[in-house]
Amino acid sequence: MSLLLKNGILVTNEEIKKSDIFIEGEKIKTVKENFNPKEIPKGCQIINLEGKYVFPGIIDSHTHYHLKSPKITTADDFYSGSVSAALGGVTTFIDYSDQMEGYSLVEAIINRQEEAKGETVIDFSLHQSIYSLRSGMQEELKELRKNNIINSLKIFTTYKKYGCMLKEEYWEKLFKMARDLKLLITVHAEDDKLIKKIEMSYQNLNNFPPYFHPILRPPETEYSAILKVGNLANLLNMPIYIVHLSSEKGYKAIKEIKKRGGNIFVETAPHYLLLTNDLLKKEKAQKYFMTPPLRERKDNEALWLGIKNKDINVIATDHCSFTIEQKLSENNCLEILAGIPGSETLLPLIYTAGVRGGHFDVKTLVALLSTNPAKIFGLYPQKGSLKPGTDADIVVFDQDKKVTISDLQQHSAANYTPYAGIEVAGYPVMTILRGNIIVKDGIFCGQKGIGKFVKTKESILY
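Residue numbers (this note's numbering): 1 to 462.
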């Protein structure tokens, strides 16, 4: 099986050039301009891209597909979530393995891999969430790292009532463990004690409507938590990674840690760049409900500045979808299901707002959405590049195609998008996974279960 992509404009994090790409099997074999017809093997499929952009496949490095809790499971399972992602140009996602009561971390990872196996239509990797420390954990982590199963851990500094928060007295022990094994600590950073204190000040209220969410979880909670974990990582001489940075004050904490010599890396999400908490006062405000909550326009602007200053390294979606019926089933912000769909709209939204909006160039787009997450999470150059010998994960992007995002247009099982009504200028028209065309002109033509688990190397941050 061979495929020749002709006359595309190849864009990597380092260069833009007109070139052809010859794919043989699952790998990129040759990248050069004006492929000699005599070099084209018989039976090779040839596609003329006519000057469209050719990007490395997008990596959504923060997803929650088929996320289960005792009461509810997300709308998107591994199949529908990955189909939706593929239609947005995503060829790899990184999801989470929960620490499960009664199971070792190795068993938890195997269980999560089995849930995705036979379902996902794109490749995937996993982060490991840690909610508590127990005897034998260091050996379990050592085994997972030795076998290149994970290169990152996630902790929460909030969600104590859900059993997800790692107690502060355990941070140093876990951080040292991670440092010694060269595992990257990633953090959902909100100060739970401060959140609880704010909640208690409103205890006379019986109900907290959606617009109370940013009041109960203000930017100060993000600032405080980032300083705590950032200072500890700096003290222990290790890198740290903050997920879904949402606020100007959170960014201020990042800069303070960096000023002290801290090795801190940052992810944000499209909703924190594009949406504001005014939406939480609208009808069906639950559609815009996630944690951390939406902020103000000044926070959007601060995050764009953070990207420009290279203090923010990755844009990922935190895709965690529920149907509109599930979202609207509660109106109390202490009970509303937190999370929104986002994988499908990641690339067109960030191209439109970021590149066309003048915040950065198209090479930076590729860095933020593909190359940087690949390097940070140990997938590069197999993923996140267009180098000969690497996986032929490619998205063809029509920079002139205009689309108005709508609920009906989306392929997530959520059946809605918080970005409905936004016009994007530039849209993916073909997605290729390991040499297989899985999306063409808005039609999914891939195969259920074709996605593979991708092992991870050591993070470039160590």
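I should point out that these hints are in silico values taken from the structure, not numbers from a laboratory.
Just so you know, even glycine gets a beta-carbon here, dropped at the ideal spot from N, CA and C.
Wrong hints could be hidden among the right ones.
Dumping the calculated DSS-like pairs for lysine-lysine here, alpha-carbon to alpha-carbon at most 25 angstroms [said to hold, decoys possible]: (1) 298 with 249; (2) 448 with 27; (3) 160 with 259; (4) 68 with 29; (5) 363 with 17; (6) 117 with 160; (7) 117 with 68; (8) 455 with 29; (9) 298 with 52; (10) 387 with 363; (11) 146 with 161; (12) 259 with 282; (13) 117 with 440; (14) 18 with 32; (15) 228 with 258; (16) 38 with 281; (17) 440 with 6; (18) 29 with 6; (19) 308 with 32; (20) 32 with 71; (21) 173 with 258; (22) 193 with 255; (23) 310 with 252; (24) 117 with 161.
Quick list of the computed label-pair ranges, beta carbon to beta carbon [stated by the list, open to error]: (25) 162 with 200: 13 to 23 angstroms; (26) 169 with 443: 34 to 44 angstroms; (27) 236 with 2: 46 to 56 angstroms; (28) 298 with 32: 16 to 26 angstroms; (29) 282 with 72: 19 to 29 angstroms; (30) 16 with 236: 34 to 44 angstroms.
Results of checking the hints against the structure:
Our distance criterion of 25 angstroms between C-alpha atoms is met by residue 298 and residue 249, whose separation comes to about 10 angstroms. Simply put, residue 448 and residue 27 have alpha-carbon atoms about 20 angstroms apart, close enough for the 25 angstroms limit, and the pair holds. Straight-line distance between C-alpha atoms of residue 160 and residue 259 comes to about 31 angstroms, which puts the hinted pair past the 25 angstroms bound. Proposed proximity of residue 68 and residue 29 is contradicted: the alpha carbons are some 41 angstroms apart, above 25 angstroms.
For the suggested pair residue 363 and residue 17, the alpha carbons sit about 11 angstroms apart, so the restraint of at most 25 angstroms is met. Taking the CA atoms of residue 117 and residue 160, the gap is about 31 angstroms. The hint is violated against a cut of 25 angstroms. Between residue 117 and residue 68 the alpha-carbon distance is near 17 angstroms, which keeps this suggested pair within the 25 angstroms criterion. Note on residue 455 and residue 29: the hinted pairing holds, with a Cα-Cα distance of about 22 angstroms set against a maximum of 25 angstroms.
About 34 angstroms separates the Cα atoms of residue 298 and residue 52, which puts this hinted pair outside 25 angstroms; it is violated. Distance restraint check for residue 387 and residue 363: the Cα-Cα separation of roughly 15 angstroms lies within the 25 angstroms cut-off, and the hinted pair is therefore satisfied. Distance hint between residue 146 and residue 161 is unfulfilled; the C-alpha atoms sit about 34 angstroms from each other, more than 25 angstroms. Restraint check for residue 259 and residue 282: not satisfied, since their Cα atoms lie roughly 40 angstroms apart, outside the 25 angstroms limit.
A threshold of 25 angstroms between alpha carbons decides the hint, and for residue 117 with residue 440 the separation of about 24 angstroms falls inside it, so the pair holds. Taken as a hint, the residue 18 and residue 32 pair is honoured in the structure, with Cα atoms around 8 angstroms apart against an allowance of 25 angstroms. This hinted pair checks out: residue 228 and residue 258 have alpha carbons roughly 13 angstroms apart, not beyond 25 angstroms. Taking the CA atoms of residue 38 and residue 281, the gap is near 63 angstroms; set against the 25 angstroms cutoff, the hint is violated.
In summary, the hint linking residue 440 to residue 6 is supported, as the alpha carbons are separated by about 16 angstroms, within the 25 angstroms threshold. For the given pair, residue 29 sits about 14 angstroms from residue 6 by alpha-carbon distance, which is consistent with the 25 angstroms threshold. Under the criterion of a C-alpha separation no larger than 25 angstroms, the hint pairing residue 308 with residue 32 is inconsistent with the structure, at around 31 angstroms. With a CA separation close to 53 angstroms, the supplied pair residue 32 and residue 71 exceeds the 25 angstroms bound.
Straight-line distance between C-alpha atoms of residue 173 and residue 258 comes to about 23 angstroms, which keeps the hinted pair within the 25 angstroms bound. About 23 angstroms separates the Cα atoms of residue 193 and residue 255, which keeps this hinted pair within 25 angstroms; it holds. Proximity of residue 310 to residue 252 is assessed by CA-CA distance (about 14 angstroms); at most 25 angstroms being required, the pair is judged to hold. Note on residue 117 and residue 161: the hinted pairing is violated, with a Cα-Cα distance of about 32 angstroms set against a maximum of 25 angstroms.
Taken as a hint, the range 13 to 23 angstroms holds for the pair residue 162 and residue 200, whose Cβ atoms sit roughly 18 angstroms apart. Residue 169 and residue 443 have their C-beta atoms about 53 angstroms apart, which leaves the hinted 34 to 44 angstroms range violated. Taken as a hint, the range 46 to 56 angstroms holds for the pair residue 236 and residue 2, whose Cβ atoms sit roughly 50 angstroms apart. Take residue 298 and residue 32: their Cβ atoms lie about 47 angstroms apart, and the range 16 to 26 angstroms is violated.
In this structure, residue 282 and residue 72 meet the distance hint of 19 to 29 angstroms, their C-beta atoms being roughly 24 angstroms apart. Between residue 16 and residue 236 the Cβ separation comes to about 40 angstroms, which falls inside the hinted range of 34 to 44 angstroms.
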